[in-house]
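**Q** Here are the chains, one letter per residue:
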Amino acid sequence: MTYTISPLPHVKSKESVKSVMWGTVAALIPITIAAIYLFGFPALTIILATVIAAVVTEIIIYKAASQPITITDGNAVLVGLLLALLMPSSVPIWVPVIGAAFAIAVPKYIFGGTGTLVFHPTLVGFAFLLAAWPTLMGTGSVPNLGSFSDLFLEAGAGRLAEASPILVLLGGAFVLYKKYVDRRVALSATILLLLLMPIVGMGEELPYVLTGGYFLGLIFLAADPVTSPVTKRGRLVYGIVLAVLILIQLHFNTYFAGMCFAVLMMNVFSPLIDRSTIPKPIGGK
Amino acid sequence: MKIVTIKTPDQVIIPLQQHDGAVCDSLVSVGDIVSVGQLIGDGEFRIHSSVSGEVTAVSELPHPTGKDILSVVIKTHDGEKREIEPVKLSTGKIRRIIKDAGIIEPNGHPTLRTKEDIDTIVVNGTNTWDLSSYEALMLDHPSRIVYGLKALMETVGATKAFIVIELGSEALHVMRTETIPDNNIKVIATPGYYPPGTEDTLAKKFAKKKVPRGSIPEDKGVLVSSIAAMKAIYDALCDGEPMIKKVVTVAGAVGSPRDVLVDIGAPISHVIKECGGCSGTPVKIIVNGAIPGAAQYSDDVPVIKTTTGILVQTESNIEREPPAPCINCAWCVDECPIGLMPHLLYGYADSAQFDKCAELYIGDCVECGMCAYVCPSKLPIVQIIRYGKHGVAEMEAFK
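Chains A and B, in that order, give the protein sequences. First residue of the first sequence: 1, per my numbering; consecutive thereafter. First residue of the second sequence: 1, per my numbering; consecutive thereafter.
Extracted from the complex, chain B is given alone in its bound form (with noise of 0.2 Å):
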């Protein structure tokens, strides 16, 4: 087994927004017991207790998006044994189920977003740079994610399904072996894929269907989803739990680097402290990795349902080289994901002419961050295409 299951935190700190999305309301109090699995959040998702203990504390708590969103807090029970009771989550069709699981994409969406009929399921399972939580449940859970596809496929009426593996993944000849009964399934290697989770780069390339600025994969029949959703949705179906655990890659200046099992609103410090402590001094802690993720200014937050990775950084990982001027080498227009043109983005909002931003397409980038990886004169691309969609937004505001 590749995944370590580590020890149930004393206090967990659920917020009540783990999705893209409003807050749900609460359904607890302080002073309330509340045990695994119990629905403690809800509104437009339903957000689930991961321990057995006492809410200590229901307020605007330290987010890993950087801002402070109501959370629960819940005293673990002592010496209490943490047994999963399968809770009775609303049976019949196997949608309402995924629906009630509160199962959330990586990406920040909910599994199942439509009731428009989907076509082919394109499963991301491309791990990149520090990350490796679905290479690890591919490992350890090949059948049971087979198992959460079907389900789906059959739920939203698909006939084909592709599951994306990155090439020289150990994983590729596990999911293959895997899925040799099933020919609607097919296993795909691609080289080293960036960003991952980008749903329209991911259907466009494997599902061949393009999507409009505007529209979701889902509208042309394409349903873009990740490997940790199967294995939840396989949970669900077989053991009745919703989804209060994540499997999460710790990298970097830790003692042991590995991918865990973490209950939800675990704090990070106690993630790290598990995965043997920082070797070092920290001075970055990142979730959801390298590239893409976020730093964190407190290591109190909590790992939620989007959380892919925590990733510590000492002060020798850290790039502090002053920036150049750009010299046109079009690194980032080759790198681009989505076809824009960064280093003139980057020029126009400098120099805040957001109405050329806007001809440019400015909304449309995703913030993958890898024109700001790439470009050789360091310069911090995405910050400033971020203050452009700022401005653009305020200038259309006013108009």
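Isolated chain A (complex conformation) (with noise of 0.2 Å):
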């Protein structure tokens, strides 16, 4: 009798990328219901609209490139809804549309796929979307919170995923302890952010940096762990700069876009980051 032979290891951990991507989507769930009920019938429209849209845009190119579709992989699901999360709630349709295919075309698919690409599809698409109508990507309203029911439904919210700021929270928690994002990453640059603001006299102003957003930003975007650096060190460097940008992009551009390019920002330097971190393994000098 003769057997299967393969080399080490013989189990593997049940966590693959579909568990990773989906259960990014998972956790997402929460805020999504919370943005439905707070703007009604426009943002599930938006929520459908993008999703489907970024995942027709992967299943057409994927064909045309005769490539193998990983349409299943929840990848495509996944910049759809949070490209969905970040618009406003007033915002046409078809602006979004457009945004998730862009973001699976260019920033996803050009730069190689899932696992190669440098910037953020979904910021990739919320910039273009930005710098083609900027009019129509403005909102009504600019959350800030005022009173502690804000929390938990935030009557000034504007964009979809500042509905509730505890329900985005709530989802970061279950993503950072399955480490499906960059712990290091998120809490670093959350955590020096809200102490750096008070300290650097722009403490007036952290009432609209704890919205839905900004976590959604920082723990869902920031920390994602394709465009984040990988090693131990570069990953607490990536979080340091990352609160230190955003600080000055406050100070200068309006509150949450400066937080999206902070994090476009980033992506740039992550390689880079990565190499001068290199650790000395144990026996090393």
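Errors might be hidden in some of the hints.
Claimed, not checked - Straight-line distance between alpha carbons at most 20 Å, and here's what the computed EDC-like set of lysine to aspartate or glutamate pairs gives: (1) 99(B) / 117(B); (2) 14(A) / 334(B); (3) 12(A) / 367(B).
Don't read these hints as lab results, they were simulated from the structure. It should be emphasised that the depicted structure is a prediction, and the values quoted were computed from it without experimental measurement.
Each of the two chains sits in its own frame; use the hints to bring them together as a complex.
**A** Structure (structure tokens):
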């Protein structure tokens, strides 16, 4: 009798790329429901249209390039859902549809697909829409943590993700616990930003940062595994520099777009940070 | 008693290489009658017969490492009562006895490698995944293990010793009770620690000594050993028994998974049969643990001195998912006990950039398998790193 032989290991963990992507999507379900509850039917149509646009674009492009269709790994759904959550509730439905198609076609497909991309597709899609239709991407109101109840349901929410800070944090806690996003990046950037703001005299702007949009950006977008560094030290550096960059952006830019551009700028430096923080192994000098 | 002694097989296959080193010379030839404990192989280390019987062959036979190694096949005498006669190991210093008993650590090196002064002994008692032989040994023979440890401490002149046991193990309480009178032996509980028995990481974590590349923990005054070796030292000192038996964990798809005391040289098929046989169709047989172990192509390979476990897998246990691209999740970087960058090594080795592999210290990889275990993309990281090491060796030979 002969047996199967293979290199080690002979057991593997249950986590897969699929479970990482779909797990992150699941973590966004609470805030999605809250957004639909707060904004009603328009929010539902924005979310559905964006996700479908992302998925359909991916199918078309990969089919045209005769590459295996990897739609089941959940990445396109995640990119679409994140983009939808960044949209203002008043946006015409075709805007995020174009954004989702752009996000899949350019930053994802052209840069080599999941794993090799440099910029977070959702953020590139968002930046593209912001540059193309700035008036349509503006929000009617700006959220601001005025009272305690705003933590649960933000009355001044303009974007879908701003509907409820606590539900974004709930999903964030889940993905941080499961390590679906990078803990070091998310925690160092968030904590440092909240600590630095009062120190540099921007304390009165703190309520604008304690909103769903910011938490979504810091946890789900900045700490996205593909675009953040890999080395242990590098991830801390990334989070720290990101927090400083957000502060600078906050000073000169509009409060929400500033955060997104700060993350996009940091994406550029991710390989550089990685290369300069290669650790010495245990026996190294 | 947790450990079950199993029947001596009709025939044992004793490889003459059971350690990291050269193959020993055979001291017997076909037709010779040998008795339990008789020296049959000598060279760098000593190998003894585990049964009484007749030598039927001395030839190259399958070995758990996958190679064919010169082995002595002994047919056990029928009906003969198998009693261990205390063999005369050379008397004198304990150091001499430990050497003559042929005690080998599970990772393949002898317990006493150097004559350097040793300050601290770290005894690895952690069991991971499917292995539980250390825990079983500690539960069954706590006093013998402490005796062996004290003898070793006295021999090498160590002033303190740590027994490392993972949190939540029953053995923790037993060993703590056993070592109450000894101030210099400390039992340390550690959260599920992997990989087991990697000397450098154990020395760094518990003895706080960093072992530079190219040297062994002994150079820094730390001796890293294991529970199995402590028991073997006791057996050698008190019973005059060389290392001819091994406690092995039999797990997975078998009738009754348990820890068994096996004669060295017993074929794996015999051990599995004595544990109730395979339940279902066995597809994979793995020696030495589910993650770091080696899959066997034949169940005729024998149990040797470094064997710690036998795992039987059926088709449903086996992952056959095709790999996906790396998503830079950094889980492998977080898990690597050595502090390497497994995903980069994978990428460079896969594209044959061996100079880059060498720059990233590919030679330091201990092949514990943890990176490939956690990888969500299911990449065969260890396999490719091995290819990379091979490539680096070829590149350096060419220079």
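**Q** Next step is simple, just say for each hint if it's right about the structure.
**A** Going down the list of hints, with the structure as the test:
no.: 1; hint: 99(B) / 117(B); verdict: holds, 17 Å
no.: 2; hint: 14(A) / 334(B); verdict: holds, 17 Å
no.: 3; hint: 12(A) / 367(B); verdict: holds, 15 Å
Going through the hint list in order, the structure satisfies each hint without exception.
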